[in-house]
Amino acid sequence: MKAKEGEKAVSPYEKHYSIPQNIAYYFRFYRKNVPVFLWIALAEILVGAVVPYIRIYLPKFAIDLVAAPADGERLFWRLGGLGLLYVLVQALYQAVRESKYHIYNGRRNDLLSALFLKSLRVPYRDTERGEVKELYQKSMESVIYGDNSSLYRITYGTLDVIMSVISFVLYSTVLSVLSPVVTALLLALALVQYALSFARIRYLEWFRVLDADIGRRRRYLSNSMGNVKAAKEIRIFGMKEWLKSRLDKVFAEMKRLEKRKRRSENVFVQINGALTVFRDACAYAYLIWQVFQGNIGAGDFVLYFGAITGFSGFVENIIRNVGMLRQGSNDLNYYRAYLELPEEVLGSESLEAWTTGKEAPGSESLEAWTTGKEPLGSGYPGARSTGKEAPGSESLEAWTTGRKSPESAYSGKEDTNGSDRPRRHISELTLPVEITFQDVSFSYSVPNAACGDDSKDKAVSGQIFRHFNLTIHGGEKVALVGVNGAGKTTFVKLLCGIYEPQEGRILLNGIDRREFPRAEVYRLFSAVFQEKFLPPFLVGESVSLQAEWNEERVWKALGDAGLKESFTERGITSDSYYGKDIDEAGVELSGGQEQRFLLARALYKDAPILVLDEPTAALDPIAESEIYDSYLKFSENKTAVFISHRLASTRFSDRILLLEGGRVLEEGTHEELIARGQRYAEMFQVQSSYYEKSAREKEAFS
Amino acid sequence: MIQESELLKNLPFRQNLNHIRTTLGMIRRMDRGYWPCQAVYCLLQTGAEYGALILSAYVVNGLTAGVDFGGLMRAAVLVCILLGVLKAVSYALKSSMNIRKDLMARRYDSMQKEKLAELDFALLDSPRLREMQELIQRNNNWGSGIYTVFWYMEPMITAVLRLVGAVAAGGTVFRYLGGGNTLPSVCVMLTLAVFFLLGMKVVQHYQKIGLYFMYHFPSLEEKKRFTSHTWAFATLGRYQYQNGKDVRIYGAYDLMKHWTHDKAQEKEYRDYYVKRPVVGAVGEWAARGAMGGLGTAGAYFLVAWLALRGGIPVGTVILFAGCLANLLESGVSLVLDFQELALACRKQAGILELLSLSNEMYRGSLPMEKRSDGQYTIEFSNVSFRYPGSENYALRHFSLKLNVGEKLAIVGRNGSGKTTMIKLLCRLYDPDEGEILVNGVDIRKFRQEEYVRLFSVVFQDFQLFSLMLAENVASSAEFEGERAERCLKDSGFGDRLEKLKEEGEGIRSYLYKDYTDAGVEISGGEAQKIAIARAVYKEAPFVLLDEPTAALDPLAEAEIYANFDKIAGEKTAVYISHRLSSCRFCKKIAVFDGGRLVQLGSHEELLAEEDGIYAKLWNAQAQYYQTV
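Protein chains in written order, with our numbering: chain A, 48 to 749; chain B, 246 to 873.
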């Protein structure tokens with residue numbers, strides 16, 4: 048919409064490639080990934096156009112044979128030959144069509160994986176934006192719904208339009224032998240019918256928004272009723288009636304809408320039908336007249352009549368497929384818009400370095416890690432067995448990134464923010480690392496740097512940090528406290544380099560973070576976030592999050608996290624599957640064990656800075672205490688930042704920061720802050736009052 | 246339950262027929278008028294087809310036999326108009342059928358979900374049902390679910406009608422075939438028959454291969470080799486965008502690429518998923534195409550050959566050839582489409598089984614005594630319980646009595662049976678041993694829907710719906726606005742409510758954006774407050790709170806605690822929390838361990854047992870708060 052308004056900056060969330068451009072896009076896709084498809088498509092077009100042509104000659108040849116027995120033998124063989132050809136062509140046509148189906152269908156997977164991997168390459172902040180999430184959803188839907196996917200619509204639409212046009216032309220040539228005037232009239236009628244059908248399609252397209260909305264509501268209500276997670280409440284609060292009454296209303300609405308839609312559609316269909324009856328009657332009259340005039344014989348009568356009545360079929364086909372192309376093209380534009388979003392620039396080594404999955408610094412030597420002399424192995428798992436890139440991955444890379452120039456221009460601007468490209472390496476940093484926030488401002492409502500439109504994320508709007516200054520010293524343990532919405536999680540994301548500040552700088556040992564490749568900055572952190580990421584991979588992969596892992600270190604990490612014993616008992620190896628997605632006997636963990644598993648991941652990476660974003664909310668006190676002890680033990684010599692609602696954790700830290708409204712309201716040790724008697728003391732008091740009272744009682748007891 | 250591999254077995258015709266009958270019956274129950282509509286539509290279409298065929302035969306015969314121009318013309322135009330009317334009616338029918346079909350397909354989907362909402366929770370949460378649902382989903386991965394049934398029914402009905410039409414309109418062709426010199430006729434017919442039968446064999450062979458690879462149930466070994474997580478991840482089923490933080494920080498891009506892209510590019514993967522099914526399917530369709538071509542071309546050839554031997558007028562050649570071609574094509578269609586239809590129906594069997602599932606829990610008929618004074622006592626008497634499919638007891642020989650107005654806190658380690666006790670109390674499950682008594686009566690004897698009215702619950706994993714705020718609080722489409730507002734304020738949602746009022750919709754605001762884009766986003770803490778308000782609104786005599794403050798910050802938590810009395814009032818309340826400080830609201834604290842009740846008493850009493858679990862739990866937290 049916006050882009051249509053004119054010269055304003057075009058939103059990167061919308062693309063307006065034309066239908067031919069989008070057809071070209073998918074055929075390039077086929078050429079790159081399954082070149083044989085182009086031959087199959089060509090074969091289908093040729094054969095498909097010829098099938099109906101042969102079909103109308105069959106009765107003519109049969110009648111010619113019967114009507115002129117004198118020329119019997121020749122006509123007999125002519126009919127036989129045509130019949131045989133028809134059998135062959137039909138067989139070929141169906142085979143080719145079926146192959147096409149399987150090829151297109153099998154390749155949707157590639158489109159989907161390209162989309163997904165792209166979502167891992169755009170800046171994380173962008174993936175949180177409402178528009179980007181919506182765009183992802185639409186792009187995904189344009190791929191996953193089989194015969195409603197954009198790939199289906201464009202593949203089938205294109206080929207069917209070409210075939211129908213060729214058939215149309217072939218039939219016209221048959222008829223033009225009879226009479227150019229009649230052919231012209233028929234063409235005119237075809238145009239009228241085309242216009243009518245096109246109007247019908249446009250009319251139905253108008254309903255698409257309503258359809259989508261009502262469909263979404265129906266799906267939501269139905270799925271809610273079947274949602275196992277909500278099942279307890281549905282039963283105890285008797286919510287079924289509520290949801291059902293809502294659903295019934297939606298169905299009633301849907302019925303009304305469908306009726307309205309079909310009633311109007313029927314008008315178009317009936318007019319078209321009447322025109323066809325009119326045409327057929329005229330055709331009979333004209334052809335009978337021609338026979339009586341002696342211009343044509345019975346065989347030709349049948350041939351021409353077949354050609355005339357076949358006409359409308361092709362017109363219908365063209366219309367239907369043009370409609371399909373329009374919709375496919377529209378859906379593909381979402382997909383292309385997503386694939387063309389600016390990508391995160393990971394630094395001088397850029398994507399390659401990142402994606403080779405260079406292992407995180409090994410526990411064996413922090414020294415080795417600081418000198419940065421690790422072997423740069425190919426992280427591709429296939430490399431283990433085949434020693435080369437997976438077939439097709441290269442083409443995917445090129446294919447998904449598309450045209451490179453405009454995006455790299457974008458992201459370059461965004462990332463370097465005026466400075467040059469990263470030229471330092473984290474190997475230059477001495478451990479432990481000191482982090483400084485210098486005059487940092489960050490706001491969720493600041494739009495994507497690459498485009499000019501506003502973020503509509505109201506829930507997270509507003510400036511979180513404003514000229515924020517803070518230094519976390521090397522080796523310091525810092526606890527971050529504050530009420531919900533104080534900005535703690537935002538702070539963590541800025542800290543790890545997942546967010547980039549809009550103003551100000553973040554320094555690592557006094558050096559601007561942007562001077563380091565971002566991929567290397569990420570390597571500085573072992574972080575545990577609130578949302579557990581426990582993918583259904585092999586246990587070794589899940590611990591290391593690398594395609595290749597060090598067996599010894601995996602077990603050491605699992606051991607330090609307190610999982611080794613139970614894993615060994617249960618016969619779990621690093622080659623076991625996590626979760627039951629693939630193997631029924633896959634590893635499943637309880638809530639507490641999951642936290643330990645995430646701890647193992649942080650231990651395995653053993654990065655110089657540890658960040659914990661409230662990882663123990665659902666744990667019982669003893670488990671919580673144990674986990675904290677483990678983290679503490681392991682964070683020796685490291686810089687560490689903890690977030691927790693439970694003030695207990697703050698007691699471990701060298702310094703407590705109380706965040707409120709994006710500012711450090713209070714800071715100091717626990718004792719200092721208690722002594723100060725302000726906000727922190729108040730919060731602590733609230734939580735500890737009961738415990739303290741008991742402490743006094745306890746003293747009294749003893 | 247039908248296993249996937251069984252789909253491939255060649256079922257006896259009768260059994261196939263049974264599946265088809267059940268499925269069609271289900272569709273009839275959803276919409277009585279649909280099949281009659283479909284039949285009339287097919288009849289009109291077939292009628293129009295034969296009408297056109299007879300007309301062209303008549304016209305050609307007339308032309309060659311020299312009927313008068315005017316008569317021929319009138320007949321042609323008249324029949325054209327007649328056929329036009331037939332078609333107009335059939336278009337209208339089709340249009341109505343399309344509406345009915347779309348609505349039915351959606352109703353069908355919704356019916357399954359509604360059924361899930363009706364099942365006993367224990368059944369819903371059982372491995373059996375999960376298996377059933379997984380199978381349903383797998384069976385509907387290929388094809389278009391119930392639409393497939395519609396797709397194959399239409400050609401089946403049409404084929405039958407065309408067969409009838411072919412015999413009625415062109416049956417005399419057989420007289421010609423049988424007449425005259427019999428030997429060549431028999432030879433020609435035999436040759437065609439042999440071709441036809443051979444062709445069918447080939448088609449069926451490939452059909453089987455195609456279906457096998459499409460629906461074959463992979464072994465564990467195959468799953469390991471050929472699983473790519475592209476769909477699970479990309480459709481956000483097994484991955485959330487928030488996981489992107491870990492992917493970036495841990496440099497997991499390569500690993501993600503391996504599982505979502507590279508694996509699916511390997512040659513053996515492609516052979517397995519694409520090449521093998523294609524061989525069968527392409528073979529089937531090539532053979533089908535050849536059969537279709539043979540039917541049409543062969544019919545013209547045969548009839549022309551007959552006509553040459555004399556006795557058949559030129560126009561009738563068209564009629565006979567058309568009928569013969571229809572005869573063959575319909576035969577092919579009946580045989581092949583029957584297989585597909587039977588398969589499509591067999592794939593519905595899982596859903597039909599789900600829909601006909603009946604609850605197994607005993608349902609008593611005793612009315613629940615309604616007491617305005619809330620005088621109820623609850624007693625767990627020697628209760629033991631194992632989750633279905635689990636070997637370990639979640640609760641073991643568990644006994645506990647809860648008196649009117651009492652506030653009970655339950656503490657214990659993760660997995661000690663706290664939430665299980667709540668679930669048993671609400672009769673989401675029945676105990677394996679022992680019984681739960683309310684006012685001395687086994688709860689199984691009460692009417693279930695009346696019994697659950699006794700409880701207001703806030704579950705650990707509470708869920709809100711993306712509908713109106715007030716509806717969520719009232720758990721109903723009808724709500725008392727003021728009461729809902731009061732409850733929201735009591736649970737600490739007041740500030741946000743004021744803001745929502747300023748924004749316009751107030752308690753009529755929709756939550757989240759799943760249902761409508763106009764919905765408002767709320768934070769986890771706010772959601773928790775709404776869940777608490779919902780429990781308050783219900784005004785049930787028992788209040789059960791399972792970790793109701795886990796997502797709240799200390800101040801918000803304190804606020805809830807402060808309102809605890811308002812929430813629980815004079816009611817009997819059970820409170821589960823990992824934050825032991827909350828226990829201090831309750832006079833009585835029950836400590837669970839390994840499914841047993843190990844300690845019961847007041848805070849002071851329990852703390853006095855220094856080796857007890859309570860003391861350990863308490864100290865694990867309290868140590869941080871006590872001035873050293």
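For the record, the hints were derived by calculation from the structure and aren't laboratory data.
Bear in mind the structure is a predicted one, so any value in this text is a computation, not a measurement.
A virtual CB, placed ideally from N, CA and C, is assigned to each residue, including glycine.
Careful, some of the hints might be misleading.
Below, a sample of chain A positions facing chain B; criterion: calculated Cβ distance under 7 Å [stated by the list, open to error]:
1) P82
2) L105
3) S226
4) V228
5) R247
6) I248
7) R264
8) A328
9) N531
10) F580
Going down the list of hints, with the structure as the test:
1. Annotation: interface hint on A:P82 violated; nearest CB of chain B at approximately 14 Å, more than 7 Å.
2. A cut of 7 Å between beta carbons decides the hint on A:L105: the least distance to chain B is about 5 Å, and the hint holds.
3. For the restraint placing A:S226 at the interface with chain B, the shortest Cβ-Cβ distance is roughly 18 Å, beyond the 7 Å limit, so the hint is violated.
4. A hinted interface residue such as A:V228 counts as satisfied when its beta carbon comes closer than 7 Å to some beta carbon of chain B; here the least separation is about 20 Å, so the hint is violated.
5. Checking A:R247 against chain B by beta carbon gives a least distance of about 12 Å; that is not within 7 Å, so the hint is violated.
6. Because the closest C-beta pair between A:I248 and chain B is about 15 Å apart, greater than 7 Å, the hint is violated.
7. Interface restraint check: A:R264 against chain B, minimum CB-CB distance 6 Å, threshold 7 Å, status holds.
8. Annotation: A:A328 was flagged as interfacial toward chain B, and the flag holds, the nearest CB pair being 4 Å apart, inside 7 Å.
9. For A:N531, the interface hint holds, since its Cβ comes within 7 Å of a Cβ in chain B; the closest pair sits about 5 Å apart.
10. Because the beta carbon of A:F580 sits about 4 Å from the nearest beta carbon in chain B, less than 7 Å, this interface hint is met.
Checked against the numbered hints listed earlier, the structure breaks hints 1, 3, 4, 5, 6; every other hint is satisfied.
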